[in-house]
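**Student:** On the provided structure of chain S, position chains L and B as indicated by the hints.
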Amino acid sequence: MQVMILFAVLVLTYLMVIAKRVPALIRSFRFQSFFLFLATLLAAFKEKQVELYFVSGLIILVKVFLIPHFLDLMARKIKVDENLGLLVNSQLSLLAALLLTYSSWALSRNLGFGQGPLQLAAVSVAFSVIFIGAFLMISRIRAFTQVVGILTMENGIFLFASAVSGGMPFLVEIAVFFDVFISVIIMGVFVYRINKLFTHIDVNKLSQLKG
Amino acid sequence: MNKIFFILIQLVFFIAVAPLLSGLISKIKNSLRMRKGQSILQPYYNLAKLFSKGEVVSATASWVFRITPFIVIASTLCAASLIPVFIFPASLNYLGDFLALIFILALGRFFLALAGLDTGSSFGGMGSSREMFISSLVEPVLCLVIFSVSLRSGSTSLAAFSAVGAAPVTFIIAGAALFLITLAETSRIPVDNQETHLELTMVHEAMILEYSGRSLALIEMASYVKQMIFFLLIAQIVFPVSLPVSVNPLQVIFWAIWFLARLAIVAISVAVVEVSVAKMRLFRVADFLGFAFVLGIIAGICAILGV
Amino acid sequence: MLNLFPKQFFLFDPLALFFLAVIFIVSLPSAIYAIGYFSPKANPPAAERGEYSPGKITLSWFLLVIFILSMAAVVTAANALIFLIVWEIMSLVSYFLVVFDTTHEKSIRAGAIYIIMTHIGTAFLIAAFMMMYRHAHTFDFFALKNACQSIPPQIKNLIFLLLLVGFGTKAGIVPLHIWLPYAHPQAPSHISSIMSGVMIKTAIYGIIRFVIFVLGVNSSWWGILILILALISCLVGVIYALMEHDLKRLLAYHSVENIGIILLGVGLSMFFISLNLPYLAVFSLIAGLYHLVNHAIFKGLLFLCAGSVYKATGTRDIEKLGGLIKKMPQTALYFLIGAMAISALPPLNGFVSEWLTLQAFFLGAFKVTGGVKLFLGVCASLLALTGGLAAACFVKAFGITFLALPRSNHAKAAQEVPLAMRAGMFFLALLTVIFGLSAALIMKLLARITGSVTGIDISNMGFSLNNFILQPQAGKGIYLSPALLALVLIALGIAGFAVYRLTGRKKAVIFNTWDCGYYKVDARNEYTATAFSKPLRIAFSFFLLPYRKTQKIRESFYHVKSFTYETHTTPVFRKYAYEPLVGLVMRAAKFMRRIQPGSIHLYLLYIFVTVLLLIIFMNKF
Numbered sequence: 000m001q002v003m004i005l006f007a008v009l010v011l012t013y014l015m016v017i018a019k020r021v022p023a024l025i026r027s028f029r030f031q032s033f034f035l036f037l038a039t040l041l042a043a044f045k046e047k048q049v050e051l052y053f054v055s056g057l058i059i060l061v062k063v064f065l066i067p068h069f070l071d072l073m074a075r076k077i078k079v080d081e082n083l084g085l086l087v088n089s090q091l092s093l094l095a096a097l098l099l100t101y102s103s104w105a106l107s108r109n110l111g112f113g114q115g116p117l118q119l120a121a122v123s124v125a126f127s128v129i130f131i132g133a134f135l136m137i138s139r140i141r142a143f144t145q146v147v148g149i150l151t152m153e154n155g156i157f158l159f160a161s162a163v164s165g166g167m168p169f170l171v172e173i174a175v176f177f178d179v180f181i182s183v184i185i186m187g188v189f190v191y192r193i194n195k196l197f198t199h200i201d202v203n204k205l206s207q208l209k210g
Numbered sequence: 000m001n002k003i004f005f006i007l008i009q010l011v012f013f014i015a016v017a018p019l020l021s022g023l024i025s026k027i028k029n030s031l032r033m034r035k036g037q038s039i040l041q042p043y044y045n046l047a048k049l050f051s052k053g054e055v056v057s058a059t060a061s062w063v064f065r066i067t068p069f070i071v072i073a074s075t076l077c078a079a080s081l082i083p084v085f086i087f088p089a090s091l092n093y094l095g096d097f098l099a100l101i102f103i104l105a106l107g108r109f110f111l112a113l114a115g116l117d118t119g120s121s122f123g124g125m126g127s128s129r130e131m132f133i134s135s136l137v138e139p140v141l142c143l144v145i146f147s148v149s150l151r152s153g154s155t156s157l158a159a160f161s162a163v164g165a166a167p168v169t170f171i172i173a174g175a176a177l178f179l180i181t182l183a184e185t186s187r188i189p190v191d192n193q194e195t196h197l198e199l200t201m202v203h204e205a206m207i208l209e210y211s212g213r214s215l216a217l218i219e220m221a222s223y224v225k226q227m228i229f230f231l232l233i234a235q236i237v238f239p240v241s242l243p244v245s246v247n248p249l250q251v252i253f254w255a256i257w258f259l260a261r262l263a264i265v266a267i268s269v270a271v272v273e274v275s276v277a278k279m280r281l282f283r284v285a286d287f288l289g290f291a292f293v294l295g296i297i298a299g300i301c302a303i304l305g306v
Numbered sequence: 000m001l002n003l004f005p006k007q008f009f010l011f012d013p014l015a016l017f018f019l020a021v022i023f024i025v026s027l028p029s030a031i032y033a034i035g036y037f038s039p040k041a042n043p044p045a046a047e048r049g050e051y052s053p054g055k056i057t058l059s060w061f062l063l064v065i066f067i068l069s070m071a072a073v074v075t076a077a078n079a080l081i082f083l084i085v086w087e088i089m090s091l092v093s094y095f096l097v098v099f100d101t102t103h104e105k106s107i108r109a110g111a112i113y114i115i116m117t118h119i120g121t122a123f124l125i126a127a128f129m130m131m132y133r134h135a136h137t138f139d140f141f142a143l144k145n146a147c148q149s150i151p152p153q154i155k156n157l158i159f160l161l162l163l164v165g166f167g168t169k170a171g172i173v174p175l176h177i178w179l180p181y182a183h184p185q186a187p188s189h190i191s192s193i194m195s196g197v198m199i200k201t202a203i204y205g206i207i208r209f210v211i212f213v214l215g216v217n218s219s220w221w222g223i224l225i226l227i228l229a230l231i232s233c234l235v236g237v238i239y240a241l242m243e244h245d246l247k248r249l250l251a252y253h254s255v256e257n258i259g260i261i262l263l264g265v266g267l268s269m270f271f272i273s274l275n276l277p278y279l280a281v282f283s284l285i286a287g288l289y290h291l292v293n294h295a296i297f298k299g300l301l302f303l304c305a306g307s308v309y310k311a312t313g314t315r316d317i318e319k320l321g322g323l324i325k326k327m328p329q330t331a332l333y334f335l336i337g338a339m340a341i342s343a344l345p346p347l348n349g350f351v352s353e354w355l356t357l358q359a360f361f362l363g364a365f366k367v368t369g370g371v372k373l374f375l376g377v378c379a380s381l382l383a384l385t386g387g388l389a390a391a392c393f394v395k396a397f398g399i400t401f402l403a404l405p406r407s408n409h410a411k412a413a414q415e416v417p418l419a420m421r422a423g424m425f426f427l428a429l430l431t432v433i434f435g436l437s438a439a440l441i442m443k444l445l446a447r448i449t450g451s452v453t454g455i456d457i458s459n460m461g462f463s464l465n466n467f468i469l470q471p472q473a474g475k476g477i478y479l480s481p482a483l484l485a486l487v488l489i490a491l492g493i494a495g496f497a498v499y500r501l502t503g504r505k506k507a508v509i510f511n512t513w514d515c516g517y518y519k520v521d522a523r524n525e526y527t528a529t530a531f532s533k534p535l536r537i538a539f540s541f542f543l544l545p546y547r548k549t550q551k552i553r554e555s556f557y558h559v560k561s562f563t564y565e566t567h568t569t570p571v572f573r574k575y576a577y578e579p580l581v582g583l584v585m586r587a588a589k590f591m592r593r594i595q596p597g598s599i600h601l602y603l604l605y606i607f608v609t610v611l612l613l614i615i616f617m618n619k620f
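Chains as they are written, first to last, in numbering that gives the first Met the number 0: chain S, 0 to 210; chain L, 0 to 306; chain B, 0 to 620.
Hints are not guaranteed to be accurate.
[What the hints assert, rightly or not] Capping the alpha-carbon separation at 30 Å, the derived lysine-lysine pairs in BS3-like fashion look like this:
| no. | chain 1 | residue 1 | chain 2 | residue 2 |
| --- | --- | --- | --- | --- |
| 1 | B | K443 | B | K319 |
| 2 | L | K2 | B | K505 |
| 3 | L | K278 | B | K533 |
| 4 | L | K52 | B | K505 |
| 5 | L | K48 | B | K505 |
| 6 | B | K574 | B | K551 |
| 7 | B | K589 | S | K204 |
| 8 | B | K506 | L | K48 |
| 9 | B | K506 | B | K325 |
| 10 | B | K443 | B | K325 |
| 11 | L | K2 | B | K475 |
| 12 | L | K52 | B | K506 |
| 13 | B | K519 | B | K505 |
| 14 | B | K325 | L | K52 |
| 15 | S | K204 | S | K45 |
| 16 | B | K519 | L | K52 |
Treat the hints as calculated values from the structure; they're not laboratory data.
So here's chain S without its partners, still in its complex pose (with noise of 0.2 Å):
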């Protein structure tokens, strides 16, 4: 059962890497989150630890609903090309995706996580959804993708931080959630007020500020 969310977490992770257009992202994104919700629901059941709980659903309040649903407002404001600018086309950030992926594997069974089977796997997925968030940020050009990277980011780490030890502490959960619901907020009025100014927001064009 864990395998299979494991399975789709990843699979969701490279539907969003081959995503064209942002509404495609943000959907890739809540469903990843879903089965992020699923994984902690499991876990929760198995451990009966009323935190996870609560946790969960956090994730699925925070992650699955109120998230997108801001990214998605956000989207229909500023009214800009939906087309997500690739700067590495999407056959080619496939391909760097399962080599990432692979190199996650290879990482995590280097640094000794084979404690169990399903360990390993579940360390290189989270290792992987880091990296793939990473790669998203670099080679997409509007502003949307850092955002979504970001949030992918933090997936991967809670991921990871499950994999390892079952969970990272209650309040520091708590407070994670909080951060990053704020600096979503603020990244989004960041984006709509970038794309008043410049009509755009392509981050590209940053260049053009050097000295």
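**Tutor:** Leaving out everything else, chains L and B in the frame of chain S:
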């Protein structure tokens, strides 16, 4: 008390004999030029005339111009009192040594150059500029001469090199360098011409162009004394003779005659040089003094070798 | 465990007290001068220069106090770390004081050059101190001194060179002097006098303290290196000074020259220490320290006078001045005294210290063996050359600025400066005379200080016959008495005046300048400063590399409408040493700029690749 008395006699001696040297030089130059020329005592007549004349001072001049003749005569006479002529070696001079001599003469030159600039005439400024140029290039050579002489004689005191005896090679070469310096410092051809008042050719005369009357007399007196100081130094270095220790009258008279004869020899050589060569262009003076510098270094090497 | 917390902050041994005295001797008159400098009476409406607002004046007083206190802390620090901290504070505060006149863009440029050079020097100092710390594991001076005796010679040589470069940038040794002619003219005049009179001396303090006291001199080539560098500084400084027509830049170049003369004394002392000639070592260090305090006094005085001239006329260019002796008689007198002192004329203090330095060379030449004798003799003659050139330069400076007729309306409108400024100058001029006449007493004090620094026993060394006559070496008959000289000169001067009065009764007639019978003499007939220094410009043209620019504008073939003639000297150090270096640094920076294209993606890529590499190679770290 004794010392002060002897210093005073020495100063009187300098003042009395210095113009005679200038007269001697012009007499010899004239006779070499096959002319009768002026008498040997002419400088005395000139000074007497100047002392009796009135003075015209420029309106643009300030107190520096008025005070310069006194500073010049004071510094030159002070330098003259440093050289042991009448002072017996037992009584040492506490004022200064050979090195201090240069600085004291520099005091007079500084104020003379300022006085040249003070009147606002272009000749004065020109003379000051040339004079400071020549004198600043003379200083290193003079220092090397002092270096070699004092290295050979053991001390920079002026009484030391008169006690050496027969002139060693160092002293002769140093004397030659000092001779070239004397030509520069006393404004003789080939560096400067005392008989001219043309803009192209005068250096010392240009600085004192605006002086007249008694101030000019004092300045002329100072330049005679300075000339005698340099001649005396050359004479002491090239023909060193120890000062008379006993009061035997015959010995003293003999010493006095030899003393004056040495001065006369130096004066005659200066006169011969003045007549034989032409005045150099100002910018060639640097090469001339460079040659003197090389002579000074050779003298230094000889002093180190101990010859 | 870093032994950072010092047991003792301040050290008050004789050397430190001497430098403290120097600092306060110069700072107090400058501070009094500053009271007048900022007053509205010193800013007559005829000339234009910066008006200071009251807030800015308060700021400048605050900075001045911190500056003086930081310099005092530098010379009394007992610990190398404290030394570095207050050294940096001193440099920073002086930077703010240099760029005080922020309306002039020249000030900002001068400040930039100054702060960059001084920081480069501090970097070398830090390197030297770190190397010493590695051997001693402490920063305390006395502990360092003990530990430095066991450092291997190559390391000692390296530390010496680092210290030399570090202190050399602050002192202004050629070729690290390039900030001096920019920074000193731009600062307000009392700051220039403190900077030139005292701040560059703290670098000499550093050399004496760290090389002679802490490091200990064993090799003779150290002294010879300092001698050569000092000679080059002397000559370069004075030759450039001769060509300058900005009064304060001229004085700044003379500071370079005089630092050279001070270092001649210090270098000789190091040379004699390494040859184990204690009497000569003490004597040369006395000569160096004496010239240090003399230079502080007369350079401070000259800068204050230059500031007065600037305040009264609004310009520092001497080609536009003239005739100021009639309008500002007191300032002229003080400037004359300062000029006489710096040209080493008897009986003032500059004469005594230069005579002492020359005697140190000569006495050393008597004692050492071999070819070094000739080297010392040639060094002495080059020192005499710089003395002569300095006198020429000050005849020009004083003569063209103060004498004859005014050359412009600025000079015509000059007035005497207020009392506070005159009081500061008077005090320093008085000190000039006193330090000359009381040479023997000062030498006794300096002997004690030198004895404590070099560790040589001075109880048997007597440098003077009695309180008025100096006697460098007993038994050779060499004497000097500035007091007696002054007496004799005054007596002979009075005698000359008596002769003058007795030989004639007529008063002098005041009339126009004769000038060979030219009847229309006015300010345009006077000699200019450029013309005054032309023979020297030609004599030293192999170094100055003068060039000229002419421009003829013709209306027709026969009628020339205007002809412009400019003559310049090439700034050799700037053009051949610094500009290539700066160009190299700029080109390297431009090349490195390529890794910063301004694209966020590239920067993110840098971050992630670095993190990845760090994780992958985690075991290696």
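**Student:** A separate judgement is required for each hint: does it hold in the structure or not?
**Tutor:** A quick look at each hint next to the structure:
Of the pairs offered as hints, the one joining K443(B) and K319(B) is violated, with about 46 Å between alpha carbons and a cut-off of 30 Å exceeded. The straight-line distance between the Cα atoms of K2(L) and K505(B) is roughly 37 Å, outside the 30 Å bound, and the hint therefore fails. Simply put, K278(L) and K533(B) have alpha-carbon atoms about 20 Å apart, close enough for the 30 Å limit, and the pair holds. With a C-alpha separation of about 9 Å, the suggested pair K52(L) and K505(B) falls inside the 30 Å cut-off, and the hint holds.
Of the pairs offered as hints, the one joining K48(L) and K505(B) holds, with about 14 Å between alpha carbons and a cut-off of 30 Å not exceeded. Restraint check: the Cα-Cα separation between K574(B) and K551(B) comes to about 28 Å, which is no more than 30 Å; the hinted pair holds. A distance of roughly 22 Å separates the Cα atoms of K589(B) and K204(S); the hinted pair therefore holds under the 30 Å criterion. Between K506(B) and K48(L) the CA atoms are separated by roughly 17 Å; this keeps the pair inside 30 Å, and the hint holds.
At most 30 Å may separate the alpha-carbon atoms for a hinted pair to count; K506(B) and K325(B) meet this at roughly 21 Å. As the CA atoms of K443(B) and K325(B) are separated by approximately 41 Å, the hinted pair breaks the 30 Å bound. For the given pair, K2(L) sits about 19 Å from K475(B) by alpha-carbon distance, which is consistent with the 30 Å threshold. Annotation: proposed proximity of K52(L) to K506(B) holds, straight-line Cα distance about 11 Å (limit 30 Å).
Pair hint K519(B) plus K505(B) holds up; C-alpha atoms about 27 Å apart against a cutoff of 30 Å. In summary, the hint linking K325(B) to K52(L) is supported, as the alpha carbons are separated by about 28 Å, within the 30 Å threshold. Pair hint K204(S) plus K45(S) does not hold up; C-alpha atoms about 50 Å apart against a cutoff of 30 Å. About 26 Å separates the Cα atoms of K519(B) and K52(L), which keeps this hinted pair within 30 Å; it holds.
Consistency with the previously given hints fails for numbers 1, 2, 10, 15, ordered from lowest to highest.
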